[in-house]
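Those protein sequence lines, which keep their order, are chains A and B.
Per this note's numbering, the first sequence runs over residues 1 to 222.
Per this note's numbering, the second sequence runs over residues 223 to 525.
Treat the hints as calculated values from the structure; they're not laboratory data.
Glycine is no exception: its CB is placed at the ideal position from the N, C-alpha and C atoms.
Worth double-checking, as some hints may not be accurate.
What the hints assert, rightly or not - Quick look at which bits of chain B chain A covers, simulated, 3 or more residues with Cβ under 8 Å:
hint, region
1, 337 to 351
2, 514 to 522
Stated by the list, open to error - As a list, the in silico DSS-like pairs of lysine-lysine whose alpha-carbon atoms are at most 27 Å apart:
hint, chain 1, residue 1, chain 2, residue 2
3, B, K387, A, K172
4, A, K89, A, K59
5, A, K185, B, K231
6, B, K502, A, K128
7, A, K128, A, K89
8, B, K425, A, K59
9, B, K371, B, K396
10, A, K172, B, K339
11, B, K396, A, K128
12, A, K128, B, K371
13, B, K339, A, K185
14, B, K371, A, K172
15, B, K520, A, K185
16, B, K231, B, K339
17, B, K425, A, K185
18, B, K425, B, K356
19, B, K339, A, K128
20, A, K128, B, K425
21, B, K278, A, K185
22, B, K396, A, K172
What the hints assert, rightly or not - Looking from chain A toward chain B, a few residues come up when the C-beta cut is under 8 Å (computed):
hint, residue
23, F30
24, G33
25, E45
26, V217
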Amino acid sequence: MRRQGGRRGSPLVGALIILASFAAAGYFWFRGGVSSQRQRITYLEDLSSRLRAETVPLKFMVVSRDGGEIRARVRMYDLAGREVAALEKAWPGSELYIDILLFPIRSGKDAGHADSWLAFPYRIFTDKLPAASGSVLFDAYDGGGFPEVLDGMDLSAGERAAVISAFAAARKSAGGGSPATEGAKGAFGSAVHEVSELSRFEVGIVYRVVCRIKGGVEIMED
Amino acid sequence: MDERLNALKSILFALSDAAVFLFTRPLGILLLGATLLLAAGARLWSVLSDRRLAAKAAGEGFGMPAAAGTALRELVGLSVKAAGALPALAAIGAALVLLVGVADATRAVDEYVAGRKRIAELTATVRNLERRYKAVEARIDDVRDGRIKATLSFYDYRKPDAAAKTQTIDIGGKELFIDAIVCNFDYSEISAGKTVNLAIPFKVFSDEVPEADGVALSLLDDKGVPLMYRRSADELYGIDPEAYDARLAELMGSIRSEEAARGAGIVRSLYGDAVHRAVKTGDDFTVWVEQSGGLSVKDAASF
Numbered sequence: 001m002r003r004q005g006g007r008r009g010s011p012l013v014g015a016l017i018i019l020a021s022f023a024a025a026g027y028f029w030f031r032g033g034v035s036s037q038r039q040r041i042t043y044l045e046d047l048s049s050r051l052r053a054e055t056v057p058l059k060f061m062v063v064s065r066d067g068g069e070i071r072a073r074v075r076m077y078d079l080a081g082r083e084v085a086a087l088e089k090a091w092p093g094s095e096l097y098i099d100i101l102l103f104p105i106r107s108g109k110d111a112g113h114a115d116s117w118l119a120f121p122y123r124i125f126t127d128k129l130p131a132a133s134g135s136v137l138f139d140a141y142d143g144g145g146f147p148e149v150l151d152g153m154d155l156s157a158g159e160r161a162a163v164i165s166a167f168a169a170a171r172k173s174a175g176g177g178s179p180a181t182e183g184a185k186g187a188f189g190s191a192v193h194e195v196s197e198l199s200r201f202e203v204g205i206v207y208r209v210v211c212r213i214k215g216g217v218e219i220m221e222d
Numbered sequence: 223m224d225e226r227l228n229a230l231k232s233i234l235f236a237l238s239d240a241a242v243f244l245f246t247r248p249l250g251i252l253l254l255g256a257t258l259l260l261a262a263g264a265r266l267w268s269v270l271s272d273r274r275l276a277a278k279a280a281g282e283g284f285g286m287p288a289a290a291g292t293a294l295r296e297l298v299g300l301s302v303k304a305a306g307a308l309p310a311l312a313a314i315g316a317a318l319v320l321l322v323g324v325a326d327a328t329r330a331v332d333e334y335v336a337g338r339k340r341i342a343e344l345t346a347t348v349r350n351l352e353r354r355y356k357a358v359e360a361r362i363d364d365v366r367d368g369r370i371k372a373t374l375s376f377y378d379y380r381k382p383d384a385a386a387k388t389q390t391i392d393i394g395g396k397e398l399f400i401d402a403i404v405c406n407f408d409y410s411e412i413s414a415g416k417t418v419n420l421a422i423p424f425k426v427f428s429d430e431v432p433e434a435d436g437v438a439l440s441l442l443d444d445k446g447v448p449l450m451y452r453r454s455a456d457e458l459y460g461i462d463p464e465a466y467d468a469r470l471a472e473l474m475g476s477i478r479s480e481e482a483a484r485g486a487g488i489v490r491s492l493y494g495d496a497v498h499r500a501v502k503t504g505d506d507f508t509v510w511v512e513q514s515g516g517l518s519v520k521d522a523a524s525f
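Extracted from the complex, chain A is given alone in its bound form (with noise of 0.2 Å):
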């Protein structure tokens, strides 16, 4: 014969362990919550130091200013501040300028946009010598079509082969001013100089060309 109102376990104990399995499962979601805040974070971090990444392949001196000439020293560094390149030399002029062109890089995810720029050191010209009378500078730290100014760092046989392959395009597109070609498409030059009406460059001083990965260039006192 079937027992009638058999024992029944105690309400309390089984809305105990209901509120312990709900507790448990808040605290490993919530832990969860918290290393994945985390991942966030060093994400955020990374990218902000991304952000301010910047190469210096370059930097100068005013050596002298005499008789409407400015006479520069000039030096390139590959990325591991090794000096690649030097150059001395006087251009008639006031104001010197310093002509860096930004190659584009685009990752395989955003093919549109460039996410970010390879610095290559162009031209030197002044505010009385035409850019297109300047004095090139792509021979200068062209170390068998590699741009030196881009040694120092760990590349691939395949990267290597597109640096070489970016540094070709931009030096076609930048001969004698011709629009962009296809595979220089968004490459742009960015002549920073000194201000005659701000301050120059003082002589002695030495001046670093900054190249920020997101394009932007900079001169800064050394």
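Could you slot chain B onto chain A? The hints should help.
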């Protein structure tokens, strides 16, 4: 209130850390075991001493077998007492687990709250650094016989939808240079959104026409303030127009004088930047002021 809560948290964390150390770390377990053994040894020593004294008082001997028997009885007695105290020990264990759990959860909540604050700060930093604003839009109307005809539109970053001023130029050459004074502020100022990097376009020249012979852009008013930064009284909120003009003139003064700029202590770099491109008829590109520093040029179609 916060101080009280922090004091309570400190006690909670100290107790939790002590419990975790004693019951989960090898050194803690060793210390706990050694303490228990020491207590049991002291108890045995006390019992054996009492028995030896009692036996001596009764004129009886208290040899090794008697001592061993007494110690064994005492140990069994201790074990029985410990077994009797098991529910209490289990309750203490459960309380400790709860204590550690509450402390851990409190720490996780604290970390979560701190993480939210950090994410908000970093998001603002990244947003401010990623930001760029339009300075000039160039439309190349015609490139023929070694001459460039173009229309330049100048923008105010606070009103990016409509050009503040437009100017047409006609210059010899194949590459168009748009020259601007660039003022980059300290990263701390930019990251915090307190200011934005500025660019004041002032001249156009080309690869064949040097800057000295270039076309000046008439963008400054009689006070030397770029027109694009000027505001009518209706557009100003929270600052009276005279104060705004004075502040703007002061800022432009900083931009034009490197000494004043450095004196202000917030300018990172101040220089000229002539961005340029080789152009053909129909080209349309934009010069942007990057808040990470400097200028960039993008095809209008890219945005």
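Cross-check of the supplied hints:
| no. | hint | result |
| --- | --- | --- |
| 1 | 337 to 351 | holds (count 9) |
| 2 | 514 to 522 | holds (count 8) |
| 3 | K387/B - K172/A | violated, 35 Å |
| 4 | K89/A - K59/A | holds, 14 Å |
| 5 | K185/A - K231/B | violated, 60 Å |
| 6 | K502/B - K128/A | holds, 25 Å |
| 7 | K128/A - K89/A | holds, 15 Å |
| 8 | K425/B - K59/A | holds, 26 Å |
| 9 | K371/B - K396/B | holds, 10 Å |
| 10 | K172/A - K339/B | violated, 49 Å |
| 11 | K396/B - K128/A | holds, 18 Å |
| 12 | K128/A - K371/B | holds, 22 Å |
| 13 | K339/B - K185/A | violated, 41 Å |
| 14 | K371/B - K172/A | holds, 24 Å |
| 15 | K520/B - K185/A | holds, 10 Å |
| 16 | K231/B - K339/B | holds, 20 Å |
| 17 | K425/B - K185/A | holds, 25 Å |
| 18 | K425/B - K356/B | holds, 17 Å |
| 19 | K339/B - K128/A | violated, 53 Å |
| 20 | K128/A - K425/B | holds, 14 Å |
| 21 | K278/B - K185/A | violated, 108 Å |
| 22 | K396/B - K172/A | holds, 15 Å |
| 23 | F30 | holds, 6 Å |
| 24 | G33 | holds, 7 Å |
| 25 | E45 | holds, 6 Å |
| 26 | V217 | holds, 5 Å |
In this structure, the earlier hints numbered 3, 5, 10, 13, 19 and 21 are contradicted, and the remaining ones agree with it.
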